[in-house]
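Student: Each chain is listed here by its residues.
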Amino acid sequence: MKGELISGLEKNIEEINRRTGGSSDILVNRFVTGGIHCALLCCEGMVSTSVIAELIFEPLTSIPKKKDAHQLFHYISEELLLSTDRPEVTDYDTLFSLLYSGFAVLIADDMPLGLGFGVQGYASRGIQEPSGEGNVMGAHEGFSEVLNTSMSQLRRRLKTPELVMEMMKKGDKSNTELCLCYMKDRVPKELLRRIRSSLNSIKLETILTTGYIRPFVESRRFELFSSTGTTERPDVLCSKLIEGRVGILVDGVPFAVVIPRLFCESFQTLDDYAYKPYYATFMRWIKYMAFLTAVLLPAVYTAIVMHHPELLNSTLLMILVESEKEAPLSILTEAAGVLLMYEIIREAGIRLPKPMGGAVSIVSGLIIGDAAVKSGLISTPLLTITALAIMSGLCVPELNPPVTILRFAFLAAGGILGLFGISLLACAVLVNICATEDYGFPYTAPLSPFISSGMSDTAVRSSMKDMQERGFTVEEYHE
Amino acid sequence: MNKLTGRQLSAMLLISDAFALFCFRGGMSLTTAAGLSAGILLQFIFALPLALRRGGLSSGEQGFYAIYYIIWGGMLFNMQWDTSGELYIPYESSGGMWGKLLISGLIGLVCIYISSVGIKAAARASLIAAAAGGVCIAIVVFSALRSPDWGELQRAESGRNACSEIQRGFAMSGGLGGLAVLLPDVKGKKLHNITGYFAAKLVLTASVVITTVLVTGGISDITGFPAVRAAQLSQPFPSQRIDSLFMIVFTVYAVFSIGIQAASAAYIIGDVFPAAENYAGAVSIVLMTGAAFMLSGVPLYSFWTAALVITALFGVPVIRGICDKIGITEVKDC
Numbered sequence: 035m036k037g038e039l040i041s042g043l044e045k046n047i048e049e050i051n052r053r054t055g056g057s058s059d060i061l062v063n064r065f066v067t068g069g070i071h072c073a074l075l076c077c078e079g080m081v082s083t084s085v086i087a088e089l090i091f092e093p094l095t096s097i098p099k100k101k102d103a104h105q106l107f108h109y110i111s112e113e114l115l116l117s118t119d120r121p122e123v124t125d126y127d128t129l130f131s132l133l134y135s136g137f138a139v140l141i142a143d144d145m146p147l148g149l150g151f152g153v154q155g156y157a158s159r160g161i162q163e164p165s166g167e168g169n170v171m172g173a174h175e176g177f178s179e180v181l182n183t184s185m186s187q188l189r190r191r192l193k194t195p196e197l198v199m200e201m202m203k204k205g206d207k208s209n210t211e212l213c214l215c216y217m218k219d220r221v222p223k224e225l226l227r228r229i230r231s232s233l234n235s236i237k238l239e240t241i242l243t244t245g246y247i248r249p250f251v252e253s254r255r256f257e258l259f260s261s262t263g264t265t266e267r268p269d270v271l272c273s274k275l276i277e278g279r280v281g282i283l284v285d286g287v288p289f290a291v292v293i294p295r296l297f298c299e300s301f302q303t304l305d306d307y308a309y310k311p312y313y314a315t316f317m318r319w320i321k322y323m324a325f326l327t328a329v330l331l332p333a334v335y336t337a338i339v340m341h342h343p344e345l346l347n348s349t350l351l352m353i354l355v356e357s358e359k360e361a362p363l364s365i366l367t368e369a370a371g372v373l374l375m376y377e378i379i380r381e382a383g384i385r386l387p388k389p390m391g392g393a394v395s396i397v398s399g400l401i402i403g404d405a406a407v408k409s410g411l412i413s414t415p416l417l418t419i420t421a422l423a424i425m426s427g428l429c430v431p432e433l434n435p436p437v438t439i440l441r442f443a444f445l446a447a448g449g450i451l452g453l454f455g456i457s458l459l460a461c462a463v464l465v466n467i468c469a470t471e472d473y474g475f476p477y478t479a480p481l482s483p484f485i486s487s488g489m490s491d492t493a494v495r496s497s498m499k500d501m502q503e504r505g506f507t508v509e510e511y512h513e
Numbered sequence: 004m005n006k007l008t009g010r011q012l013s014a015m016l017l018i019s020d021a022f023a024l025f026c027f028r029g030g031m032s033l034t035t036a037a038g039l040s041a042g043i044l045l046q047f048i049f050a051l052p053l054a055l056r057r058g059g060l061s062s063g064e065q066g067f068y069a070i071y072y073i074i075w076g077g078m079l080f081n082m083q084w085d086t087s088g089e090l091y092i093p094y095e096s097s098g099g100m101w102g103k104l105l106i107s108g109l110i111g112l113v114c115i116y117i118s119s120v121g122i123k124a125a126a127r128a129s130l131i132a133a134a135a136g137g138v139c140i141a142i143v144v145f146s147a148l149r150s151p152d153w154g155e156l157q158r159a160e161s162g163r164n165a166c167s168e169i170q171r172g173f174a175m176s177g178g179l180g181g182l183a184v185l186l187p188d189v190k191g192k193k194l195h196n197i198t199g200y201f202a203a204k205l206v207l208t209a210s211v212v213i214t215t216v217l218v219t220g221g222i223s224d225i226t227g228f229p230a231v232r233a234a235q236l237s238q239p240f241p242s243q244r245i246d247s248l249f250m251i252v253f254t255v256y257a258v259f260s261i262g263i264q265a266a267s268a269a270y271i272i273g274d275v276f277p278a279a280e281n282y283a284g285a286v287s288i289v290l291m292t293g294a295a296f297m298l299s300g301v302p303l304y305s306f307w308t309a310a311l312v313i314t315a316l317f318g319v320p321v322i323r324g325i326c327d328k329i330g331i332t333e334v335k336d337c
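Chains V and H are the protein sequences, given in the same order. All you need for this note's numbering is the position in the first sequence, starting with 1, plus 34. All you need for this note's numbering is the position in the second sequence, starting with 1, plus 3.
So here's chain V without its partners, still in its complex pose (with noise of 0.2 Å):
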């Protein structure tokens, strides 16, 4: 058997259950109407059951006897019209895959052939505010799981045909839908070429979030920031695609992978441009401080205690001399295991049952904190620090995972060499970020190549009268 449908009705069931080893969430609705025997497949769960009662069975059951089966399902397709959706099933293949999206696919006796209809009912969580990109005056949905939902906010947004979604089908196993979103008249051909080719590539067997397609569309390289970003928020992503950008959206994922990613869009928010720009200026600037302080505060006030005192005036010197002289540890032993604690505290926060969040709220705030600092353990004023430190990194959560790494790398170079050890890591660190790059846009743009033009939107955030003028895509960035 080539995988095709055959004439008969019961073989064609035999096929499917032994293809699917009986799987019981097939259904198959037989019945007879135009007296031809029938079957109703579908998958349970993956359809509306009102949908198919109302839609589906009541008008099929009533079909006038007819001569023969293709007779039966010319008059289904050409004249019933039971759904927007009805695509022809010639192949196993495309039956299994139109079930499992939540079609159900008629077939008939002496009918080498099935009709889909498009009664897809699976529960899904609805529209919700996005819970890792907060915003006070835009919008409040964030994407779906759903890819079709997830389509229709762009959609909503972008009332354009230029703008262009495409379909495609990856993961062997899972089939799952991926949407590669563009403004057909913004976007780099060769962008999108290179993205198209580099999706191709995708040979998993299942995708089950953004973060098993992003390897393929970033570079090979070891980088340590993303040159590829995420957004849960449907209106971040239209002003990506008007820019030029590409968006990949992955069905059961309420995420979308944007491409080209820079350095300096992880400190702007959409809030930016709904604020005058003298304040979003300076939202921008406390980001950028925020930033450099989650990486570089630990590991600067530990070089300094330990190497470089000369730095401190002498008042602060004393206070700090008075504190760490009762602590038993070292200052890089201290601020290490702090910030160590603070990584556990974090990771049980986010994996642990909801109910149980108020326990470790106490046993982290009041017992590790106040016990650690009132028994000695741990000096006031490095508490201080690290909960600075993380606070700031706070502002920037996209990027926390680099952050966090880098850190704990500058804390221990700043701890054994001093300012020497940090300044060398931040040599090879400022190298790396500069070599992030994909399909040719610098991550580090518009700083470093230095694009006047993209200073209105970095270092400061200009008028909006000014950016309509300036009409900026992504392709001004490309080396």
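Among the hints, a few may not be true.
[As the list claims (entries may be wrong)] The list that follows gives simulated cross-link-like pairs (lysine-lysine, BS3-like), each with its CA atoms no further than 25 Å apart: (1) V:223 with H:190; (2) V:101 with V:193; (3) H:6 with V:223.
Note that these hints are calculated values from the structure, not bench results.
Knowing the structure of chain V, use the given hints to seat chain H on it.
Tutor: Relative to chain V, chain H alone:
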């Protein structure tokens, strides 16, 4: 290779120039400032033929510049080795042999990484490093100039005449070889880029030298490294010192100066021997270390060093131009 920008090339060269200034040995005076400035004007004139050159490097030029980078990289290693004794790093014998080895070894490791990611990434990073370093240098310069003692200008003695200072200026401008190699890969008008770089170099050299003379003045000829000493003596705040700020700039510029030479050498080696492309950076650093051993004790500011720089900047491009005229050049695009 995709094109570099004029700013990136200027940043790479200026970092090398600034590092050479930090490692400057011997007395500084107004004659030094005048000599070095005049030297920069001469260098600009010598660099003009580069603006007219078309096409990439020939095989012979590639060989010459690869060796040149190795030699200049070795000299930079020696400068860093000599100067690192003046800087404090938290190591129990940081001023001794092991401390210097530790500093050089760590810098070498970072340089290997820089050379492994390629000249383009190094160029981008140089632009940011040069800008950040420029701010730090400006802080040091302004803190030194808050209450200048203009009398130091008269008291400072370098013990050299203007010609000798011009020679010294050429000898410490080894980074100019990079101008000859990388200029063909720079976007925009070559003359514009060359002019911008030399103008920035003039401002940088003049401000550092005059600040150093104002701060160290009469003792500049007895301090080992007058620029380092000037940074240590000039403090903006009465109750705290910022020597470490200068140390950061020194470290960053040392890493980038040597790293860029290694990346440039690797760029040429990788082009000549594509099979060795992945190891070219590490090979360059090893060769530079070897060159540093061989050149240790060789006077940096000698006539021969100056002649080597002039050959790289002017001699080779002119010979190439003559060969082009005769029609015997075999150009190999990098």
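Student: Against the structure, test the hints numbered earlier, and report the numbers of the ones violated in rising order.
Tutor: 2
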